[in-house]
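Using the sequences and the accompanying hints, generate a full structural model.
In terms of the numbering used here, the sequence shown is residues 23 to 523.
The reader is advised that the hints may include incorrect statements.
[Stated by the list, open to error] Computed Cβ-Cβ distance ranges for the label pairs, DEER-style: (1) Ala79 to Arg513: 58 to 66 Å; (2) Gly424 to Arg93: 26 to 34 Å; (3) Ala79 to Asn233: 31 to 39 Å; (4) Thr76 to Ala170: 50 to 58 Å; (5) Arg72 to Asp508: 32 to 40 Å; (6) Asp189 to Gln360: 33 to 41 Å; (7) Thr398 to Asp508: 18 to 26 Å; (8) Ser306 to Thr76: 55 to 63 Å; (9) Ser306 to Asp59: 52 to 60 Å; (10) Asn233 to Lys336: 22 to 30 Å; (11) Asp59 to Pro387: 52 to 60 Å; (12) Ser73 to Asp508: 44 to 52 Å.
Simulated from the structure, these hints should not be mistaken for laboratory data. This one's a predicted model, so the numbers in the text were calculated from it and none came from an experiment. Heads up, the beta-carbon is just placed ideally off N, CA and C, and yes, glycines get one too.
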Amino acid sequence: MTNHKRPPASVLFIFGGSGDLNYRKLTPALYNLFLDDYMPEKFEIAGIGRSAYTIDAYHEHLKDGITKFSRRKGEENGHWNEFSKNVTYLQMDAEDQAAYSVITDLVKAKEAEWGTHPNVIFYLAVAPQLVPAIATKLGSLNLCSDKASTRIVIEKPFGHDLQSAHDLNTLLGRMFSEEQIYRIDHYLGKETVQNIIALRFANAMFEPVWNRNFIDHIQITASETVGLEGRGGYYENSGALRDMVQNHILQILCMVAMEAPVSFDANEIRNKKVDVLNAIRPFSREKVHENAVRGQYSKGWRQGKAVPGYREEKGVAPESATDTYAAVKFYIDNWRWQGVPIYVRTGKHMHQKATNITLQFRPAPHNAFPTESAETWRPNRLTISIQPEMDIRMRFQAKRPGQSMMLEPVEMVFNFDEQFGDQHAPEAYETLLLDVMEGDATLFMRADQVEAAWKVVMPILETWENRTPVDFPNYAPDSWGPEDADAMIARDGHSWINLPK
Numbered sequence: 023m024t025n026h027k028r029p030p031a032s033v034l035f036i037f038g039g040s041g042d043l044n045y046r047k048l049t050p051a052l053y054n055l056f057l058d059d060y061m062p063e064k065f066e067i068a069g070i071g072r073s074a075y076t077i078d079a080y081h082e083h084l085k086d087g088i089t090k091f092s093r094r095k096g097e098e099n100g101h102w103n104e105f106s107k108n109v110t111y112l113q114m115d116a117e118d119q120a121a122y123s124v125i126t127d128l129v130k131a132k133e134a135e136w137g138t139h140p141n142v143i144f145y146l147a148v149a150p151q152l153v154p155a156i157a158t159k160l161g162s163l164n165l166c167s168d169k170a171s172t173r174i175v176i177e178k179p180f181g182h183d184l185q186s187a188h189d190l191n192t193l194l195g196r197m198f199s200e201e202q203i204y205r206i207d208h209y210l211g212k213e214t215v216q217n218i219i220a221l222r223f224a225n226a227m228f229e230p231v232w233n234r235n236f237i238d239h240i241q242i243t244a245s246e247t248v249g250l251e252g253r254g255g256y257y258e259n260s261g262a263l264r265d266m267v268q269n270h271i272l273q274i275l276c277m278v279a280m281e282a283p284v285s286f287d288a289n290e291i292r293n294k295k296v297d298v299l300n301a302i303r304p305f306s307r308e309k310v311h312e313n314a315v316r317g318q319y320s321k322g323w324r325q326g327k328a329v330p331g332y333r334e335e336k337g338v339a340p341e342s343a344t345d346t347y348a349a350v351k352f353y354i355d356n357w358r359w360q361g362v363p364i365y366v367r368t369g370k371h372m373h374q375k376a377t378n379i380t381l382q383f384r385p386a387p388h389n390a391f392p393t394e395s396a397e398t399w400r401p402n403r404l405t406i407s408i409q410p411e412m413d414i415r416m417r418f419q420a421k422r423p424g425q426s427m428m429l430e431p432v433e434m435v436f437n438f439d440e441q442f443g444d445q446h447a448p449e450a451y452e453t454l455l456l457d458v459m460e461g462d463a464t465l466f467m468r469a470d471q472v473e474a475a476w477k478v479v480m481p482i483l484e485t486w487e488n489r490t491p492v493d494f495p496n497y498a499p500d501s502w503g504p505e506d507a508d509a510m511i512a513r514d515g516h517s518w519i520n521l522p523k
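This is how it looks when you write it as structure tokens:
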């Protein structure tokens with residue numbers, strides 16, 4: 023027996039059902055929800071794709087993905103057969119309007135079988151260019167006029183720039199109401215990201231110092247040790263600023279900087295996030311070079327293995343100006359954060375895989391200790407690690423043991439795995455898929471959020487696109503990025519904070 027509420031009966035259609043995202047992420051997430059008794063008592067999952075699969079072959083394909091990519095590798099325990107009874111495959115051409123009748127037929131069949139009208143969820147796990155056509159054809163179905171129970175889930179990237187994001191929002195808005203549209207960013211489903219809200223607003227000791235009076239600056243790092251992994255065609259039209267800063271990093275920034283919500287209502291929290299985006303100081307094109315740095319990795323070595331340069335990767339133009347690294351200094355012009363620089367950076371083939379948020383506090387206003395005691399004096403620092411470690415670290419000064427007053431920085435660490443070791447933290451997609459089934463849009467981006475985030479980065483994108491970089495490639499694999507990024511933060515008297523491995 024489960025002691026938690028389960029979502030109502032649901033039919034989930036996954037466009038791209040034979041694709042990589044479903045294979046690696048979606049079905050493993052749904053299966054884990056099933057094992058944890060979070061799936062509805064009555065559910066049906068229908069993969070939709072062009073590939074020819076028998077039901078048995080499709081089941082074997084998905085089971086292979088669970089074996090390789092689930093957080094519960096090898097924990098099938100006989101439940102797969104029970105789960106797979108609720109999984110089917112529809113081979114159809116998503117460009118053929120007539121083919122969509124199979125969707126309506128399946129929903130009607132399940133409604134008759136279950137004796138209740140189910141939630142109907144359309145998950146578009148497809149290439150971005152296919153989204154408008156599929157959404158338009160879905161919009162012609164009577165099912166989609168049901169605001170209460172029909173939902174559509176759109177993967178990132180949501181648009182290629184501000185105009186295309188606005189156009190896509192307009193198109194979707196003609197067929198679905200805003201409460202039906204779930205724009206998914208898997209970063210927001212990560213346990214540690216959600217814990218930012220718990221840390222800030224469930225603890226009275228943090229909020230009074232979470233402002234410009236006590237915090238000197240903030241850093242957000244999202245670094246990867248991998249390169250393109252065969253995605254050269256996609257990345258050539260994206261780049262680090264579009265791929266990471268515009269969505270993941272700006273959403274994390276919003277959670278760090280937002281005002282306290284009056285409730286946990288989805289729109290209340292999203293309103294507070296939009297306020298942050300709207301308060302970010304806009305760049306003039308003349309100021310972009312002072313506040314933003316781009317980079318591209320060269321060929322080199324990582325752990326004794328040769329790494330090709332970005333321009334040598336498959337699907338990449340030989341003189342490509344695409345950024346594989348981006349660092350930006352933001353300011354938020356409001357009472358809480360006025361004058362506090364927020365430095366963000368992201369890059370591929372970096373020295374370390376890490377996603378960290380660091381709040382550096384101002385130095386103590388007066389040092390009353392003997393000079394020799396403060397050689398290792400360091401300001402207080404709060405670091406939230408999202409991946410690969412999930413922990414929260416607070417650095418403070420303590421007296422070193424001995425007869426003299428010698429100070430040393432020490433850390434208090436809360437580690438998720440150590441604290442909740444035997445409780446499997448759900449994967450981000452598990453959290454987000456459950457929220458979709460429950461109709462909770464808190465962790466999903468609203469139309470105005472998406473467009474506000476694009477407005478923030480557009481001056482940088484337009485400036486970079488109009489100025490060919492003369493120094494690409496400008497950083498080596500297994501480094502921390504280009505020297506210009508170090509120079510940008512050094513001009514303010516700071517340096518990038520790299521946690522030890």
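These are the hints, each one checked on the structure:
1. Ala79 to Arg513: 58 to 66 Å: Since the Cβ atoms of Ala79 and Arg513 sit about 59 Å apart, the hinted range of 58 to 66 Å holds.
2. Gly424 to Arg93: 26 to 34 Å: Given range 26 to 34 Å: violated, Cβ gap about 46 Å.
3. Ala79 to Asn233: 31 to 39 Å: violated (58 Å)
4. Thr76 to Ala170: 50 to 58 Å: Since the Cβ atoms of Thr76 and Ala170 sit about 36 Å apart, the hinted range of 50 to 58 Å is violated.
5. Arg72 to Asp508: 32 to 40 Å: violated (48 Å)
6. Asp189 to Gln360: 33 to 41 Å: holds (34 Å)
7. Thr398 to Asp508: 18 to 26 Å: holds (23 Å)
8. Ser306 to Thr76: 55 to 63 Å: Roughly 59 Å apart at Cβ, these two residues keep to the hinted range, so it holds.
9. Ser306 to Asp59: 52 to 60 Å: Distance hint for Ser306, Asp59 holds at roughly 54 Å.
10. Asn233 to Lys336: 22 to 30 Å: Violated, since Asn233 and Lys336 (Cβ atoms, about 48 Å apart) do not stay within the stated range.
11. Asp59 to Pro387: 52 to 60 Å: holds (53 Å)
12. Ser73 to Asp508: 44 to 52 Å: holds (48 Å)
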